[in-house]
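If you want the building blocks of each chain, they are given just below.
Protein chains: 2
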Amino acid sequence: MPPKSNLELIDECDNFPYGLPSPPSSYYAFIHATTSLGYISPGVFDKITWDPSIWTINRTSRTVELRGHDVTQRDRALASFLAGIRKKRVFRLLDGWRGELYPVYCHNRESGKKEVIMHMERAATPLFGVATYGVHMTAYTYPKDGETSMKIWLPRRAMTKPTYPGMMDNSVAGGIASGEKVLDCLIREASEEASLSEDLVRGNARPCGTVTYFHVRDERAGGETGLCMPECEYVYDLELPVDVVPVPGDDEAVDFRLLNVEEVKTALTEGQFKPNCALVLLDFFVRHGVLTPDNEPDYIEIVSRLHRRLEFPTA
Amino acid sequence: MPPKSNLELIDECDNFPYGLPSPPSSYYAFIHATTSLGYISPGVFDKITWDPSIWTINRTSRTVELRGHDVTQRDRALASFLAGIRKKRVFRLLDGWRGELYPVYCHNRESGKKEVIMHMERAATPLFGVATYGVHMTAYTYPKDGETSMKIWLPRRAMTKPTYPGMMDNSVAGGIASGEKVLDCLIREASEEASLSEDLVRGNARPCGTVTYFHVRDERAGGETGLCMPECEYVYDLELPVDVVPVPGDDEAVDFRLLNVEEVKTALTEGQFKPNCALVLLDFFVRHGVLTPDNEPDYIEIVSRLHRRLEFPTA
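Protein sequences, first through last, are from chains P and L. Taking numbering that gives the first Met the number 0, I'd label the letters of the first sequence as residues 0 to 314. Taking numbering that gives the first Met the number 0, I'd label the letters of the second sequence as residues 0 to 314.
Source of the hints: derived by calculation from the structure; they are not laboratory data. Treat the hints with care, since some could be wrong.
[Said to hold, decoys possible] When the alpha-carbon atoms are kept at most 16 angstroms apart in a straight line, the in silico EDC-like pairs for lysine to aspartate or glutamate are as follows:
no. : chain 1 : residue 1 : chain 2 : residue 2
1   : P       : K3        : P       : E262
2   : P       : K180      : L       : E295
3   : P       : K180      : L       : D250
4   : L       : K160      : L       : D250
5   : L       : K180      : P       : E295
[Unchecked claim] Interface residues of chain P toward chain L, partial, derived using beta-carbon atoms under 7 angstroms:
no. : residue
6   : C207
7   : T209
8   : C231
9   : Y233
10  : G288
11  : T291
12  : P292
13  : N294
14  : S303
Predicted, not measured: the structure shown is a model, and the values here were computed from it. Ideal Cβ positions, reconstructed from N, Cα and C, are used throughout, including at glycine.
Please model the entire structure based on the sequences and the hints provided.
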């Protein structure tokens, strides 16, 4: 394969077209009152028997709304519906059932403030195309005293992972469950995935923004394709003392290797990284002056694309 | 005035609506072949006598194209046209004539690569709504040895400036003229505006991305209002040694003051900064972990809005 440019790496992950109408032709909008929360692919829409006691469907405006007067009612209806289609094995995607709830946000009609309006099983979020949230941290170090060139700690995903097995990953990364604070999620994942102590992470990890993109699922993710995945990753940097070595604390990663910037660049052009992890590393390279206006011809486009404005309410 | 939220500061600068058709209703698109380069407001369009030897106008598709087979021809026609409307004083905006040319980019039809297709007098760019480029640097320091809280060097604009007189500005900021490299522009402006040496800037300024926004001009900018200004600012950070004090090298700034983070935040909420400078500081605060997911309710929206994807070809 020819080496991938940085913009091509972004195109692979942020691959939902720009400038489409809402909902895009043939898609259905998953709505709450008048607000789109996500898009449902025609393939998903057609496979579901939409029980009118749970759903309000409008085939003219192409909208799907979950019935229920409050969060409790909506959560109960949604959980029962998802349990049913999981049992009937309507979607292969739900074979990857996680037993983790993700929050779905919308503006409150009176206060204008954003609030959680329902909770959805993590594995089901691509069926409705709602925005999901994660945290990605880049752990780096300056190996020799006074050395100015950094190295980055990067793991390889276990071959047993259902999604993107064997691909390279960010130092620490994970999804934010319902009710979990961003920093608490980072501390938990840093302990589970890299055996980093809470004190170290709490005291030294620096929040540096977000990377946002709108992904359309392809075969590498496993399960159905064409599903919408608008995602927001909160990004953190952590400079590690040279004697701290991350060690996998669970079976999700094989090992950590310490790569210099040129080695990471090469792995990126070879497509070795899980697609969204490549974006987090590109953002790291932009913020740390590795990519510059002079060495990256697509600099302006890249910086904007790493921070896509999602068209749905976010946290 | 009530204190401004960070999202309100962005709304004031990135104030062109999202999701409009291209060109937006009543606007004209300034095009090259089939590509929009910018938008012309109806007020501007109606005031100009469009000489058909220079312009191709299509009132149905609402497009304006500059005639000419190559850059030289287009530049000559545009310069002659602008000199004419300047002399007749059709637009107050052109009273601020700069005598600086800004590049306009488009994709080459054969190679697909972006190239400069014309050069336009800086003061005229809002008439055609083309993207412009600048560089903004934040100079900061840690005043006491071992002190962990930074301070930022910030100047106040002279009362004699035609635009945003008396408002606070970024440490170093300026527009990138045609043919000038980003880093060369930064070095020139850092010398002119802050008396910082070339060696210091070249060796220590770190490129950290871009801030992009689509501004619609209001009365504070002087001249006509409602004009489109899509802009890209290349952002740099510079940590200064405690004994380096920036000093205005020209008459654009009154003086530099060294403010701590809380003082900068207060000045932001009070609306003391030139609008686009506020965005550069917010980006700095995001990258340096001053704004966090936990202390800024609009964190996700803010990070995306600071990096708007411009709908025109960029450098």
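Consistency of the hints with the structure:
no.	hint	result
1	P:K3 x P:E262	holds, 14 angstroms
2	P:K180 x L:E295	holds, 13 angstroms
3	P:K180 x L:D250	violated, 49 angstroms
4	L:K160 x L:D250	holds, 9 angstroms
5	L:K180 x P:E295	holds, 13 angstroms
6	C207	holds, 5 angstroms
7	T209	holds, 5 angstroms
8	C231	holds, 5 angstroms
9	Y233	holds, 5 angstroms
10	G288	holds, 4 angstroms
11	T291	holds, 5 angstroms
12	P292	holds, 4 angstroms
13	N294	violated, 10 angstroms
14	S303	holds, 4 angstroms
Violated hints, listed in ascending order, are 3, 13; each of the other numbered hints is respected by the structure.
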